[in-house]
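Peer 1: Here's the letter readout for the chains.
Protein chains: 2
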Amino acid sequence: MVEIIKGITAGDLKGIEDILRSSGFFYEFEIETALEIADDTLDRGGYSWLLMKDEDGVVAFANYGKNAFSTHSWDLYWIAVHEKSRHKKLGKELLKAIEDDVKEAGAKILWIETSGRPLYGPTEAFYQRNGYTLQASLKDFYAQGDPKQIYSKVF
Amino acid sequence: MVEIIKGITAGDLKGIEDILRSSGFFYEFEIETALEIADDTLDRGGYSWLLMKDEDGVVAFANYGKNAFSTHSWDLYWIAVHEKSRHKKLGKELLKAIEDDVKEAGAKILWIETSGRPLYGPTEAFYQRNGYTLQASLKDFYAQGDPKQIYSKVF
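Respectively, the protein sequence lines represent chains A and B.
Residues 1 to 155 in my numbering are what the first sequence spells out, letter by letter.
Residues 1 to 155 in my numbering are what the second sequence spells out, letter by letter.
None of these hints come from the bench; they were simulated from the model.
Careful: at least some of the hints might be erroneous.
The list makes no distinction among identical chains, and a pair is therefore deemed to hold if it is satisfied within one copy or across any two copies.
Said to hold, decoys possible - With a Cα cut of at most 30 Å, we get these calculated DSS-like pairs of lysine-lysine:
#1 K66 to K88
#2 K84 to K108
#3 K92 to K139
#4 K139 to K88
#5 K139 to K84
#6 K6 to K153
#7 K139 to K108
#8 K14 to K108
#9 K53 to K139
#10 K139 to K14
#11 K103 to K89
#12 K139 to K66
#13 K88 to K103
Let the hints inform the model, and build the full structure from the sequences given.
Peer 2: See below:
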């Protein structure tokens, strides 16, 4: 039984870190950046979080926020599912919950940025499958040969 | 006599705010966001600043930083010249100083985002004149009919 919970507490940090490490996708500095967003949220608020939990604890998480310079754009910063819980459509369910939450808050567009490296091919396919359109590809943004892909969905 | 100074102190905040208000370009929430970056810098560091000062005080400022997710990309967040000091090529000089600073820190690409509204036409022309290329235009990003223009210069 998986439930979706809004917001995080200090007790969730270990579970979030475990998810980030479980995929083997992320660089150490990326994991640290995600955990800094969690620390900032606990300290000062300002980011929205959704957690998926089952009887073992946190199995997926997402964080997102309104873009400070836009009247109606929101940014999805992170969405990740624990490796052991893959292939259960949790990502799709979580993304749907994010969309419902930001729409309720007045969002007209949700933006998602991801790497264009082949490693992220399944990630891009996931966004496309869920109605996101590639709006731009910024050459060599993350590193030489590693472009930033910018996706969006208009509500 | 205008000099370029690296970094800010609490005594510079008023001058920075005056510059932001002098153009009439910026929304109140944009001014607040710029001043929050200044406060964060004074509290915790993390952003780079350059100020241009003459005998009257701060006449131009810029802030920028390394992109946390990239090995070699830097972002220019703000560059602004006081209305009373326009048409003296201070912007060009300041942009050159920023480029020298980030190149020294290992930057390979400097990214600049700006609004595509007609009001910002001269801003876009300024970036183009200084060697920046439009890489993407994100429709309706800031608001309906107000796209985000993404420029970059590769060093």
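Peer 1: With reference to the structure, classify each hint as holding or not holding.
Peer 2: Hint check results:
1. K66 to K88: within (29 Å within a copy, 37 Å between copies)
2. K84 to K108: Cα proximity of K84 and K108: none, with 34 Å in one copy and 38 Å across.
3. K92 to K139: both (28 Å within a copy, 25 Å between copies)
4. K139 to K88: neither (33 Å within a copy, 34 Å between copies)
5. K139 to K84: Result: close neither inside a copy nor across copies, 33 Å intra and 38 Å inter.
6. K6 to K153: Intra 22 Å, inter 40 Å, cutoff 30 Å: intra-copy only.
7. K139 to K108: Classified as both; 27 Å inside a copy, 12 Å across copies.
8. K14 to K108: Neither: 33 Å inside a chain and 35 Å across chains, both beyond 30 Å.
9. K53 to K139: Classified as neither; 37 Å inside a copy, 36 Å across copies.
10. K139 to K14: Neither, since 34 Å and 38 Å both go past 30 Å.
11. K103 to K89: within (21 Å within a copy, 44 Å between copies)
12. K139 to K66: both (26 Å within a copy, 17 Å between copies)
13. K88 to K103: Classified as within: same-chain Cα gap 25 Å, cross-chain 46 Å, threshold 30 Å.
The structure shown violates the earlier hints numbered 2, 4, 5, 8, 9 and 10.
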